[in-house]
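Going down the list, the protein sequences come from chains A and B. Just so we're aligned: the first sequence equals residues 99 to 500 in my numbering. Just so we're aligned: the second sequence equals residues 146 to 429 in my numbering.
If you are wondering where the hints come from, they were derived from the structure by calculation, not from laboratory data. Take these hints with a grain of salt, some might be off.
[Claimed, not checked] Which stretches of chain A does chain B cover? Using the computed rule of at least three CB atoms under 8 Å from a CB of chain B, they are:
hint, stretch
1, 402–408
2, 418–432
3, 462–474
[Unchecked claim] The list that follows gives simulated cross-link-like pairs (lysine-lysine, BS3-like), each with its CA atoms no further than 25 Å apart:
hint, chain 1, residue 1, chain 2, residue 2
4, B, Lys180, B, Lys368
5, B, Lys310, B, Lys345
6, B, Lys310, B, Lys335
7, A, Lys489, B, Lys409
8, A, Lys347, A, Lys378
9, A, Lys331, A, Lys489
10, B, Lys310, B, Lys379
11, A, Lys489, B, Lys367
12, B, Lys267, A, Lys321
13, B, Lys212, B, Lys267
14, B, Lys235, B, Lys208
15, B, Lys267, B, Lys367
16, B, Lys310, B, Lys212
17, B, Lys367, A, Lys321
18, B, Lys335, B, Lys267
19, A, Lys347, B, Lys379
20, B, Lys379, B, Lys208
21, B, Lys310, A, Lys331
22, B, Lys409, B, Lys368
23, B, Lys235, B, Lys267
24, B, Lys310, B, Lys208
25, B, Lys368, B, Lys267
26, B, Lys212, A, Lys321
27, B, Lys208, A, Lys347
In this text, a Cβ means the ideal position worked out from N, Cα and C, and glycines have one as well.
What follows is each chain in one-letter form.
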Amino acid sequence: MLIRFFTDLRAGGVPVTIPEFLSLLEALEARVASLSAEEFYYLARMAMVKDERHFDRFDRVFAEHFEGAEKLFEKLTAELPPEWLQQLTERLLTEEEKRRVEALGGWDKLLETLRQRLREQKGRHEGGNRWIGTAGTSPFGNQGFNPEGVRMGQATSRHRRAVKVWDARDYRNFDDGVELGTRNLKMALRRLRRFAREGAAEELDLDGTIDATARNAGLLDIKLVPERRNAVKLLLLLDVGGSMDPHIKVCEELFSAARAEFKHLEYFYFHNFPYERVWKDNRRRFSVITDTGALLRTFNSDYRVVFVGDATMSPYEIEQPGGSVEHWNEESGRVWMTRIVRHFPRLVWLNPETEDRWEWTPSVAITRELVGDRMFPLTLDGLDRAMRELKHTGTYTSPHVS
Amino acid sequence: MNEARFSGTESYVATPDLMMAVNAAVTLGRPLLVKGEPGTGKTQLAAEIASALQRPLYEWHIKSTSKAQHGLYEYDAVSRLRDSQLGEAKVRDIRNYIMKGSLWEAFESNVQPVLLIDEIDKADIEFPNDLLRELDRMEFFVHETRELIKAAHRPIILITSNNEKELPDAFLRRCFFHYIRFPDAATMEKIVRVHYPALKSELLREALTTFFDVRETPGLRKKPSTSELLDWIKLLLAEDIPPEALRGDDPKKMIPVLYGALLKNEQDVHLFEQLVFLNRRGSR
Numbered sequence: 099m100l101i102r103f104f105t106d107l108r109a110g111g112v113p114v115t116i117p118e119f120l121s122l123l124e125a126l127e128a129r130v131a132s133l134s135a136e137e138f139y140y141l142a143r144m145a146m147v148k149d150e151r152h153f154d155r156f157d158r159v160f161a162e163h164f165e166g167a168e169k170l171f172e173k174l175t176a177e178l179p180p181e182w183l184q185q186l187t188e189r190l191l192t193e194e195e196k197r198r199v200e201a202l203g204g205w206d207k208l209l210e211t212l213r214q215r216l217r218e219q220k221g222r223h224e225g226g227n228r229w230i231g232t233a234g235t236s237p238f239g240n241q242g243f244n245p246e247g248v249r250m251g252q253a254t255s256r257h258r259r260a261v262k263v264w265d266a267r268d269y270r271n272f273d274d275g276v277e278l279g280t281r282n283l284k285m286a287l288r289r290l291r292r293f294a295r296e297g298a299a300e301e302l303d304l305d306g307t308i309d310a311t312a313r314n315a316g317l318l319d320i321k322l323v324p325e326r327r328n329a330v331k332l333l334l335l336l337d338v339g340g341s342m343d344p345h346i347k348v349c350e351e352l353f354s355a356a357r358a359e360f361k362h363l364e365y366f367y368f369h370n371f372p373y374e375r376v377w378k379d380n381r382r383r384f385s386v387i388t389d390t391g392a393l394l395r396t397f398n399s400d401y402r403v404v405f406v407g408d409a410t411m412s413p414y415e416i417e418q419p420g421g422s423v424e425h426w427n428e429e430s431g432r433v434w435m436t437r438i439v440r441h442f443p444r445l446v447w448l449n450p451e452t453e454d455r456w457e458w459t460p461s462v463a464i465t466r467e468l469v470g471d472r473m474f475p476l477t478l479d480g481l482d483r484a485m486r487e488l489k490h491t492g493t494y495t496s497p498h499v500s
Numbered sequence: 146m147n148e149a150r151f152s153g154t155e156s157y158v159a160t161p162d163l164m165m166a167v168n169a170a171v172t173l174g175r176p177l178l179v180k181g182e183p184g185t186g187k188t189q190l191a192a193e194i195a196s197a198l199q200r201p202l203y204e205w206h207i208k209s210t211s212k213a214q215h216g217l218y219e220y221d222a223v224s225r226l227r228d229s230q231l232g233e234a235k236v237r238d239i240r241n242y243i244m245k246g247s248l249w250e251a252f253e254s255n256v257q258p259v260l261l262i263d264e265i266d267k268a269d270i271e272f273p274n275d276l277l278r279e280l281d282r283m284e285f286f287v288h289e290t291r292e293l294i295k296a297a298h299r300p301i302i303l304i305t306s307n308n309e310k311e312l313p314d315a316f317l318r319r320c321f322f323h324y325i326r327f328p329d330a331a332t333m334e335k336i337v338r339v340h341y342p343a344l345k346s347e348l349l350r351e352a353l354t355t356f357f358d359v360r361e362t363p364g365l366r367k368k369p370s371t372s373e374l375l376d377w378i379k380l381l382l383a384e385d386i387p388p389e390a391l392r393g394d395d396p397k398k399m400i401p402v403l404y405g406a407l408l409k410n411e412q413d414v415h416l417f418e419q420l421v422f423l424n425r426r427g428s429r
């Protein structure tokens, strides 16, 4: 049964390997976990999932796979032979408590009554004085008032029994396939920070040089070390169509929070698709505009460009001069985009739409082709991939503009 | 195989999944990688495990300039060069210039030790990979003296990470993993009680409510953590603040008393001031 669990995990996107699975079996053999579904869940998760990003996927596969199986665990403990219970409690009970047990008619009578009540009781019960449950006064139950009682359930967490830990889906926000939002903003920020800290030039590593020289018995041996400073210049171009507003806000927050990490960070807005004008201030977008040509002349090809947009529009908005829905553009969006792509070799496009929907909109396909397939979804994972793409030296050469 | 089980100590509250992880790591002799929000007690866990299981603790705090070799040993070539030029006698034996690192000392311990490798993600990305063989087989080779150092007793290794960098897969395979979640209200209460047993329940309740409210505020740059809560309570006790002062009925009091212990960012303080302002305007 566990082998199928292992393959299900892999199918569900949790990168488990065989040695990790074997270590789980080893742990089970060593009796590290006691006989409870929750402990098994913790053990399996600890042995097989090595990143909290995958916790949610693990929870889902676990819930599916062990659906209803936890009842098996409970049945097992309920079937314990009475002699075992007796021996255990004889060790644990004080003299006074043992006398009280005798007062109720001895062990056998007590257990018989317990079994009978269990059969009669239809469900979990609290309070009251006859049924088995918690906080009541019957002889059976947890935290009750009857000193002649048999304790059931655990000493703590009466309330937490109801919800299974893996059903709580506590780790949903850690999953990196989830769309970028205020919750996983912190993690996205970390990715960007890593991307920004690149070793640019090289500087003298004094300690390393001294060390190496000494090992060389005095002959000079110079060691260099890459510099750790933020050398990255980033240009952000954001689409402000109505559907994009919530995503734009997140992106702005993300990048402005990361502003300290970048040497230069600039952002501009466009509507639907970049044409010959972009603007910095949305309230004055019709009066104060920046000419895209001027943009290309101001920012040199050192700058890395990130487009954020859903690229969803009618294809004629891209292909035709005058296709823009707001104004008359002399040259088509395609012409402008090709110019931009040619000027900035390191460029990516982030799309808040989920990747599987991209093929259904033709404009997305056209945009994707124009940026050389460097379109990524706006998730943690997509951000990772986009940043990795931006790190590589621009190897993409755009086709000639006709 | 030892029978001791870890279940927290009087000064450290461990959740059941953490206890499971520690016990499994100890029983099977695997390193345990612990991640979590800052201030959730990752580093302290090692000290608590050492005191609960009565073992010596060796600590290795990683810096961004740390290399894997530092944990094993360092060969002080410069001293040797200088001594040779001065004609010192101890130059002859290279062993005099080998400085043992934390890992070596842990291996030499004659009782099973606890070894803490703190904040492993601070170092270079290749750092964990450089330690693979040592973690697997608990032995390493000293080139200068041609010795093989083996661990007398397999140490209990605890590795903490702040999630700044991705750790390489080969390294992750060899560890057990645990993520310390931020404690919920019930666990938090237990933790506070452990540190301040004489705290009045009313003050505790008000403080916890305020604390979790602050954490839930949207747009907060840095959420206050467990250690900040404990500091704040200490301040409250020192200043003798009554529980009524913490109740948020008065809109002017939306910024909690002595907020300097909880909000460490001026943007967060500004955010709170804005909220107070808005609240005041809204209630007109």
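Q | Violations among the numbered hints, reported as their numbers in ascending order | A | 1, 2, 3, 5, 6, 7, 10, 11, 14, 17, 18, 19, 20, 23, 27
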